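Trainee: In case you want the letters, here they are:
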Amino acid sequence: MFKHLVDGIFWDIALWVFTIGVLWRILSIFLVGNKKDLSVARTTGMTGAIAANISRFFPRSEMQSRTRLHVIAGYMFHLGLFALLFFAAPHILFVESQTGLSWPAMPYWAFIVTAQLAFVGLLLLWIHRVMDPVTRLISSADDHVGSILTFIVMLTGCMALLEGFEGLRVLHRFTVELLMVYFPFSRLMHAFMFIPSRAFTGAWFGRRGVKA
Amino acid sequence: MSDKKQSRIRRHRKVAYSLLSLLVLTLVLPLIPYAVAEKDETAGKVFNPGTELWRDVRQRDRDVIGTTQMKSVDAGVLINEYGETWRHFRMQQLVPYGAALMGIVLSIILLFYLLRGPLRLQEEPSGKKIERFTVFERTVHWFTVAIFWLLALTGLILLYGRFVLIPILGADGFGITASACKEAHNLFGPTFLVALVLLFLTFVKDNIYARGDMLWLLKGGGMLGGGHVSAGRFNAGEKIWFWIAIIGGLVLSVTGLILVFSILGQSREIMGLSHVLHGIVALVVISVSFGHIYLGTAGVEGTLGSMTTGYVDEAWAKSHHDRWYAEVKAAEDGSDKIVDEPGLATEGKS
Ligand code: HEM
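Line order of the protein sequences matches chains C and P. FYI, numbering that gives the first Met the number 0 numbers position 26 of the first sequence as 25, with every residue one higher than the one before it. FYI, numbering that gives the first Met the number 0 numbers position 294 of the second sequence as 293, with every residue one higher than the one before it.
Since the hints were made in silico from the structure, they are not lab data. Predicted model, so just to flag it, every value in this text is computed and none were measured. Some clues are possibly wrong.
[Stated by the list, open to error] Dumping the calculated DMTMM-like pairs for lysine to aspartate or glutamate here, alpha-carbon to alpha-carbon at most 20 Å:
1) P:Lys-181 with P:Asp-171
2) P:Lys-128 with C:Asp-131
3) C:Lys-2 with P:Asp-171
4) P:Lys-328 with P:Glu-123
5) P:Lys-317 with P:Asp-332
6) P:Lys-128 with P:Glu-331
7) P:Lys-127 with P:Glu-313
8) P:Lys-181 with C:Asp-131
9) P:Lys-317 with P:Glu-122
10) C:Lys-210 with C:Asp-11
11) P:Lys-127 with P:Glu-300
12) P:Lys-181 with C:Glu-165
[Stated by the list, open to error] Partner residues aside, some chain C positions facing chain P, computed with beta carbon under 7 Å:
13) Val-144
14) Ile-147
15) Met-158
16) Phe-164
Note that beta-carbon positions come from the ideal geometry of N, C-alpha and C, so glycine has one too.
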């Protein structure tokens with residue numbers, strides 16, 4: 000019964016909420032529009048947008064020692080999760096079963112290593128968030144729910160690795176559905192918004208000849 | 000004596016010797032075939048083809064490796080007798096003794112708590128706080144704790160689930176749980192090594208043996224007698240826990256990796272031994288961790304805050320880590336306080 004719901008109606012709902020929610024959030028941000036910029040433009044803003052998008056990948060030199068843990072754990076988690084999500088064989092097979100699309104998967108050992116990197120990164124990031132008084136103060140329930148839900152999805156995925164029990168696959172899929180429903184209403188939206196928001200800040204300052 | 004009499008005696012002697020020789024020959028000769036027959040080990044044995052087949056399959060008392068096209072360690076061995084020894088150890092010794100060990104440690108802690116209660120501060124909390132652990136130190140600690148307990152819980156379920164969970168979940172339900180725990184345990188195992196390295200690098204400098212540690216130990220850390228015993232940043236008990244966690248953790252990681260990466264060519268005997276060591280060390284480290292957790296939470300008033308907020312009350316520092324407190328104060332004051340004799344923080348110049 001539960002299996003049919005998870006593979007059926009729950010999945011449909013999650014997919015709709017995710018797709019419409021994400022589109023609605025992105026559109027609502029873009030449709031707000033910009034205030035008219037009355038300053039004399041030094042550049043088109045494009046250079047600033049591109050520069051900010053690139054420079055944000057590297058920590059500022061003054062902050063390097065303070066943010067070392069964040070940067071390393073951040074890359075471990077995000078790259079690990081990205082590889083895991085898009086290049087793990089079971090995920091590709093799932094996408095193929097739904098859409099017919101397919102692409103080469105990474106080998107099993109790489110799948111496991113990326114999962115481990117992602118787990119280490121996520122745990123370090125979340126524990127650090129709670130331990131540092133500043134990040135603790137500026138974190139809202141949303142940040143914690145997002146981190147914990149992502150952890151649970153990864154954990155159920157890792158528990159289903161044997162691919163031998165339907166129950167474990169269904170549990171993993173169910174937690175994915177929960178995350179998909181939560182996603183558009185949370186800061187997890189940064190997955191879609193980090194490039195445009197960097198570009199916006201970079202362009203805004205770039206037009207004034209200021210390095211963002 | 001006449002010649003006739005002498006020749007008669009000689010004749011009788013000959014007859015006697017002849018009869019004696021005949022008797023000896025009669026007794027010995029039939030034994031010769033037996034003696035000869037004993038030299039041939041297979042002589043006289045009746046073969047039972049079935050017995051022989053099973054003896055070969057189980058290779059109980061001989062080392063016969065069959066031939067096969069499979070290319071892996073022990074591929075030619077049909078049934079490894081050593082597996083039976085290992086299974087016996089796991090079921091008859093590891094499981095009951097491990098449960099007893101954890102049970103005894105928990106009972107002692109409970110009894111101690113009921114009889115003695117938590118260790119209180121020597122003086123009222125002052126309200127003044129000093130930093131005990133940095134953000135990084137606390138992050139590393141709780142990161143290790145998270146992975147340690149993920150591994151400990153999944154490992155304990157794999158070891159004791161058969162007894163505790165099958166009655167609740169049923170055999171099928173436990174099958175799913177066991178599979179989930181095994182996969183999680185295997186995946187998280189190598190990450191514990193990362194945590195261990197971080198834990199080691201972060202805390203090792205204050206966990207080296209120092210003067211006063213022996214005294215602390217001899218006084219049972221103040222637990223047995225009354226009152227508090229002088230200590231530096233970490234007392235001898237904490238140092239022992241640190242080294243148990245590090246060395247135990249290393250043994251667990253190495254044996255765990257041997258078990259997970261079965262493709263590296265190690266034999267079943269090595270895997271069996273690794274499992275034995277893995278199980279024993281895991282149960283010991285888990286049992287000792289109960290003591291650490293008790294002392295870090297309910298056992299010693301005001302301790303948990305040091306690992307959660309990073310700060311402790313000055314009264315706590317003076318009570319439990321007086322030499323460290325003096326060092327911190329000396330650094331704050333900018334004056335050099337020589338903290339030499341255990342329990343004595345003396346002002347002085349270097
Ligand atoms: C829920 C479980 C745990 C709790 C509540 C806990 C709590 C604490 C607390 C409160 C302290 C600070 C003590 C002080 O200020 O002197 C501490 C220190 C420490 N803990 Fe834990 N702990 C736990 C599990 C672990 C585990 C599993 C490990 C290692 C595998 C560990 C390793 C350490 C180390 C290395 C220190 C620093 C003291 C030293 O180096 O000796 N802890 N813990």
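Trainee: Now tell me, hint by hint, if it's right for this structure.
Mentor: Taking the hints in turn, this is what the structure says about them:
Only pairs whose Cα atoms come within 20 Å are accepted, and P:Lys-181 paired with P:Asp-171 is accepted, the gap being roughly 15 Å. A distance of roughly 17 Å separates the Cα atoms of P:Lys-128 and C:Asp-131; the hinted pair therefore holds under the 20 Å criterion. Note on C:Lys-2 and P:Asp-171: the hinted pairing holds, with a Cα-Cα distance of about 17 Å set against a maximum of 20 Å. Our distance criterion of 20 Å between C-alpha atoms is met by P:Lys-328 and P:Glu-123, whose separation comes to about 19 Å.
Of the supplied pair hints, the one linking P:Lys-317 and P:Asp-332 holds, its CA atoms being roughly 16 Å apart against a limit of 20 Å. Proximity of P:Lys-128 to P:Glu-331 is assessed by CA-CA distance (about 13 Å); at most 20 Å being required, the pair is judged to hold. As the CA atoms of P:Lys-127 and P:Glu-313 are separated by approximately 6 Å, the hinted pair is consistent with the 20 Å bound. Under the criterion of a C-alpha separation no larger than 20 Å, the hint pairing P:Lys-181 with C:Asp-131 is inconsistent with the structure, at around 33 Å.
Proposed proximity of P:Lys-317 and P:Glu-122 is supported: the alpha carbons are some 9 Å apart, at most 20 Å. For the suggested pair C:Lys-210 and C:Asp-11, the alpha carbons sit about 45 Å apart, so the restraint of at most 20 Å is broken. Distance restraint check for P:Lys-127 and P:Glu-300: the Cα-Cα separation of roughly 16 Å lies within the 20 Å cut-off, and the hinted pair is therefore satisfied. A C-alpha spacing of about 16 Å is found between P:Lys-181 and C:Glu-165, which places the hinted pair at or below 20 Å, so the restraint holds.
For C:Val-144, the interface hint is violated, the least distance from its beta-carbon to any beta-carbon of chain P being 18 Å, above 7 Å. A least Cβ separation of about 12 Å between C:Ile-147 and chain P goes past the 7 Å threshold, and the interface hint is therefore violated. For C:Met-158, the shortest C-beta to C-beta distance to chain P is roughly 4 Å, which falls under 7 Å, so the interface hint holds. Taken as an interface hint, C:Phe-164 checks out: its beta carbon lies about 5 Å from the nearest beta carbon of chain P, inside 7 Å.
Violated hints for the displayed structure, listed by number in ascending order: 8, 10, 13 and 14.
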